[in-house]
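All chains should be modelled from the sequences, with the hints used to inform the complete structure.
Here the protein sequences come in this chain order: D and W.
1036 is the number of the first residue of the first sequence in the numbering used here; add one for each residue after it.
30 is the number of the first residue of the second sequence in the numbering used here; add one for each residue after it.
Check the hints yourself; a few may be wrong.
Derived CB-CB ranges, DEER-like [as the list claims (entries may be wrong)]:
hint, chain 1, residue 1, chain 2, residue 2, range
1, D, Pro1114, W, Val56, 38 to 44 angstroms
2, W, Gly101, D, Asp1105, 27 to 33 angstroms
3, W, Gly80, D, Lys1280, 48 to 54 angstroms
Hints in this document: simulated from the structure, not taken from any laboratory.
Here the structure is a predicted model, which means the values were calculated and not measured.
For every residue, glycine included, the Cβ atom is placed at its ideal position computed from N, Cα and C.
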Amino acid sequence: MKIIVDAMGGDNAPEAIVRGGVLAAKQFGEDIVLVGQEERVRAILRADGAEGIPHLSIVHAPDVVDMHDDPATVLRKKPGSSMAAALKMVQRGEGDAIVSAGSTGALLAGATLFCKRIKGIRRGALAPVMPCAGGQVLLVDAGANTECTAEYLLQFAFMGSLYLRKLMGVDRPRVGLVNNGSEDTKGDALRLEAYRLLREAGEAGRLNFVGNVEGRDVPLGACDVAVCDGFAGNVMLKTIEGTAKFLSSELKQVFLRSAGTKLGYLLVKRGLDDFRSLFDQDKIGGAPFLGIAHPVIKAHGSSNETAAMNAVRQAIEFCRSGLIEEITANMEYMTIGEK
Amino acid sequence: MFEKLCSILAEQFGVGPETIKPETTFVEDLGADSLDLVELMMSIEEEFDIGEISEQDAAKIKTVSDVMELLGEDA
Chain D
1036 MKIIVDAMGG DNAPEAIVRG GVLAAKQFGE DIVLVGQEER VRAILRADGA
1086 EGIPHLSIVH APDVVDMHDD PATVLRKKPG SSMAAALKMV QRGEGDAIVS
1136 AGSTGALLAG ATLFCKRIKG IRRGALAPVM PCAGGQVLLV DAGANTECTA
1186 EYLLQFAFMG SLYLRKLMGV DRPRVGLVNN GSEDTKGDAL RLEAYRLLRE
1236 AGEAGRLNFV GNVEGRDVPL GACDVAVCDG FAGNVMLKTI EGTAKFLSSE
1286 LKQVFLRSAG TKLGYLLVKR GLDDFRSLFD QDKIGGAPFL GIAHPVIKAH
1336 GSSNETAAMN AVRQAIEFCR SGLIEEITAN MEYMTIGEK
Chain W
30 MFEKLCSILA EQFGVGPETI KPETTFVEDL GADSLDLVEL MMSIEEEFDI
80 GEISEQDAAK IKTVSDVMEL LGEDA
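Written as structure tokens, this is what we have:
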């Protein structure tokens, strides 16, 4: 197996990404290809004494995708960028999966343009895993598609459900439709139509549809797959991230208030560390881009070397899972014919 | 050529090829977004083997007949 890593993407690139690639090559025993400005990549490897280690190679790409570049067109305008070069390697069959911490929009556009969607899938969707009461929840779509049809949402539900089954061992993932109320009459035209399609898939035994879920119910563990359009998904994801940071900082202030509270902190520190680790994005690595004909992992923009290594781990697991074949095999249940 | 283009559009936008007319617009009628348009240009380049369509030419393309014109055949 060969995992292609965009070495120049992300806030801490190329250092953190190169070091994450080194850790992955040592730990997972699969081939890792670092795509980026060769001299810079090589200098980092040299400084770390990691030149020439097994399973690690470099492919030179002179250019870098900038966060200000237009996502839809940048990879055609910058064919020499590390992201474009990495995607094209996967397209040509020179790699099995791509990992990038670079511009989300550019990666999503590039994956669609170069790696192509699975035949029958209308749109690819970003699917991060978030912690919730009782475990984890997969949010599909977290921002790739601001405008969706009911058919897109049906496909997100199937892809999310299959992802959890194949990669995370969840037997019958509970699929919820994110809505502004739990009753089946709630929502706009899109949500009402999506509800109908999801209910039908549930009644046919193809999905474990648990109905509408409100935003507050998602972190409380109401479902395993939270289905929504990319606009709502992105707002929800960022709101949850912000709320977690706010609560964490408020909690810190409480413990700093007096000598007594500081002493109390020492007594509960281990529990708090466990709590904090629930939100540790570095352990997860990244989010899969579902619906593309090859595994694509979007690592967090601020990925450090641990996060980059774990994003590679995720890509390896994705490759081994057979998820793309499983999505293809279920295609007839997730298309509603021509418009 | 028109039939081939219709089949590309049908595949990409999930519509019946018979619903596509020369005056069909990509954004209004087929609901294309900016990524769809780039994807369409790339499919046309590949399927008709015409090299890269410039940004200026791409910006002028609004309807199916605009593509036919670009390909050198009047719709």
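Hints that the structure is at odds with (numbers, increasing): The structure breaks only hint 1.
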